[in-house]
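Peer 1: Given next are the chains, with one letter for each unit.
2 protein chains.
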Amino acid sequence: MSGRGRAPVGDGGGRRGPFLTGLYAPGPVAVPPEVLEALARPVVHHRTDAFRASFLRVRAALAEVLEAPGDDVMLLTGSGTTAFEAALVAAVPRGARLLALRGGKFGERWATMARALGYRVREHDVAWGRAFDVDGLARRLTERERPEAVTLVHSETSTGVLHDVAALAAVVRAHAPDALILVDAVTSLAAAELRPRAWGLDAVVAGSQKGVMLPPGLGFVWLSERAWARAADGDGRGRASAYALDLHRERPRQRSGDSGTTPATSLVVAADVALGLLLEAGLARRREALGRRNGALLAAGAALGAAPFAERPTPAVAAMTTPDGLAAPDVVRALAARGVRIAGGQDRLAPCLLRPSLLGHGDDYDAVVLAAALEDAWRDLGRAVPHGAAVSAAMAVLDR
Amino acid sequence: MSGRGRAPVGDGGGRRGPFLTGLYAPGPVAVPPEVLEALARPVVHHRTDAFRASFLRVRAALAEVLEAPGDDVMLLTGSGTTAFEAALVAAVPRGARLLALRGGKFGERWATMARALGYRVREHDVAWGRAFDVDGLARRLTERERPEAVTLVHSETSTGVLHDVAALAAVVRAHAPDALILVDAVTSLAAAELRPRAWGLDAVVAGSQKGVMLPPGLGFVWLSERAWARAADGDGRGRASAYALDLHRERPRQRSGDSGTTPATSLVVAADVALGLLLEAGLARRREALGRRNGALLAAGAALGAAPFAERPTPAVAAMTTPDGLAAPDVVRALAARGVRIAGGQDRLAPCLLRPSLLGHGDDYDAVVLAAALEDAWRDLGRAVPHGAAVSAAMAVLDR
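Heads up: the sequence lines are chains A and B, in that order.
Straight run, no breaks: the first sequence in the numbering used here ends on number 400.
Straight run, no breaks: the second sequence in the numbering used here ends on number 400.
Keep in mind that the hints were calculated from the coordinates and are not lab data.
Backbone N, C-alpha and C define an ideal beta-carbon position, used for all residues, glycine too.
Among these hints, one or two may not hold up.
As the list claims (entries may be wrong) - Label-pair restraints from in silico Cβ distances: (1) A:Arg195 to B:Asp324: 54 to 64 Å; (2) B:Ala229 to A:Pro351: 31 to 41 Å; (3) A:Ala116 to B:Ala350: 52 to 62 Å; (4) B:Arg122 to A:Arg249: 43 to 53 Å; (5) B:Pro69 to A:Gly305: 43 to 53 Å; (6) B:Arg253 to A:Asp125: 25 to 35 Å.
Said to hold, decoys possible - One-sided and incomplete, this derived list gives chain A residues near chain B with beta-carbon spacing under 7 Å: (7) Val31; (8) Leu36; (9) Ala174; (10) Thr261; (11) Ser266; (12) Leu381.
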């Protein structure tokens, strides 16, 4: 099992020793020991052949993960939010009309960001926990407006929903063929099927601290050729201002392994290792395993009376609502006291949502550990749960 | 001696073994083993008390380094350039008149950035290698214009000049009292005296991969109270657009150890260690040591006929011009073949400038190694140099 840290927890009298903490949140995630070793290597200079080779391998590996071999994937130092801002400004002309699909915290964030950056934003909403309805989007596009860009979240981390980006993108392409389709793939990259070229997407944004098993600090941006071309002069309107994060200035540099400003060298070297491990293990197998483990977590929760929250679950996080009378923050704290770190709900879902995740480095037995810890937490909070109830449910799913 | 890496160099038949590389560039720099160890610790979640405590310690330590205890120092994930952009946009109202002092590559960069962001920029130039003349700036300000902001570089890494920010800021305060003074302290932080409060500065920007001995990836921003206040409404003009890097949104969050987006947790934990080491060793002693070692490097160069380039040398980098007939890139390559990485000249100075640096983790003996390697490189390139000529000159300075 992975995810063990050195922050002392409890008094050593519990199931988990005093020097172990399991990190089971939907990012930041536990990373492989090989990646930690790479982070601990002496710092290298970025203007060296060795570093440039590493930088180019990372770009190529990410293009492979995106099933777009040979395409540019831009590496940025920053959060996923920073990367989304860079993609938005690079691709969408200043002041353009933008339709933001909102079904959770991150869908809302992109709408707020776009408005702050001067775009004319309208929202298309779905209740948190529900997946966007393809026909509903089609009606909206035929009846009401002609957006120049659409923002979508693939795996909405706040609700655990995996939105059907392939189908939604097809609808946008059919009804608003010129609209650029910008996708937040922060927690879906390397976790769910994601085919920007085949699906006709225009921007895909992701971050390091999720499915590619790295610490936070790197953002990734892929743009379609029409997005690169459209943005070149912003259709005559120019682009919103940016300097450090100007992807157009950066593109030719990155193609030769350089960047305009000093990149986070240690994280890039670690990314080279992490992506190598990922591709060696096989992306399809990893995606299948993440789905299976996430299903096991949802089954463990259901056995405890915690219903799955997402209509269409992402493999990246097992969002579940606590049964009546059990406050989610209490469960999160009970788990933390046992050395198990999960995420609770965000914003309006804080009182009732649990979000354990096996998105990081780990294996099937991490699902067993999490199921056992959930049982323990339930009992810690006074609920009578037969020993093994959640674990049995999880193991049955793992064996399917 | 520090700075040894694992990239194999040469065939093991040289002075340095095949698994060692000395990193002696003015950033990224060699970092202490304690910092590498911290980077290799299991990833922690950012919404935990332990991480928040680390985040707050880093902010407090940086405020101490800036001799502004208790002040906000904002931590950003990104390069020094990203941090400068965040500071500029946060402090200077949209479209304001800005005077950019340019005496090297970084001085030029801030002028270019400000123009790209829509500011009305004028330049005040000095020849590369020269320090800004205080009286010249005073004349410019009295006779010609009333800027609303002035950008300055403290330690100009491209030329090796330490500009007299205290005196220059005093002149700005005297002749343009309302102008905000924005200082690039990327290579001066923790290397040269830097007292933003006492000197009346309004923004200080720095990065992790320099004097504080961390890998690249974090940026730091300090703003004066009048800068925070002025920017709040941009004097009625608003601010240039920014979302992910909006310091105003970020300020209250960071005061409680949080941030709007996921920070580069591993780098923050490492910063906690690095700054602890730095303050424990004593900032004044370290600054004195860096100055002494840099002087030793300049003396070593002079003994080889390489004249100091900077009129007023920074302790962060020993910029020196190669003697006639010796191409700087050849020297850089000869050193690299011996496992010693220094920086050459940037832009127009590429043919003739060498920029070895002991800004990172190291001690006096690193100056001896660099002096010896410079001698070796000279001999590799066919110059007859008495054995020990550069080393003797360096050691004499170290013993002063």
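Peer 1: Now tell me if each hint is right for this structure.
Peer 2: The hints, checked one at a time:
At about 59 Å, the CB distance of A:Arg195 to B:Asp324 agrees with the hint of 54 to 64 Å. About 38 Å separates the C-beta atoms of B:Ala229 and A:Pro351, a value consistent with the hinted range of 31 to 41 Å. As the Cβ distance of A:Ala116 to B:Ala350 is approximately 40 Å, the hint placing it in 52 to 62 Å is violated. Hint check: B:Arg122 to A:Arg249, Cβ distance near 23 Å, so the stated range 43 to 53 Å is violated.
Remark: the range hint 43 to 53 Å for B:Pro69 to A:Gly305 is upheld by a beta-carbon distance near 51 Å. For the hinted restraint 25 to 35 Å between B:Arg253 and A:Asp125, the CB-CB distance of approximately 26 Å keeps it satisfied. The beta carbon of A:Val31 comes within 5 Å of a beta carbon in chain B, closer than 7 Å, and the hint placing it at the interface holds. Using the Cβ-Cβ criterion of 7 Å, the hint placing A:Leu36 at the interface with chain B is satisfied: the shortest such distance is roughly 4 Å.
With a cut of 7 Å, the hint placing A:Ala174 at the interface with chain B is violated, because the nearest CB-to-CB distance is about 31 Å. The beta carbon of A:Thr261 is positioned within 7 Å of a beta carbon in chain B (closest approach about 4 Å), and the interface hint is therefore held. Because the closest C-beta pair between A:Ser266 and chain B is about 4 Å apart, less than 7 Å, the hint holds. For A:Leu381, the interface hint is violated, since its Cβ never comes within 7 Å of a Cβ in chain B; the closest pair sits about 20 Å apart.
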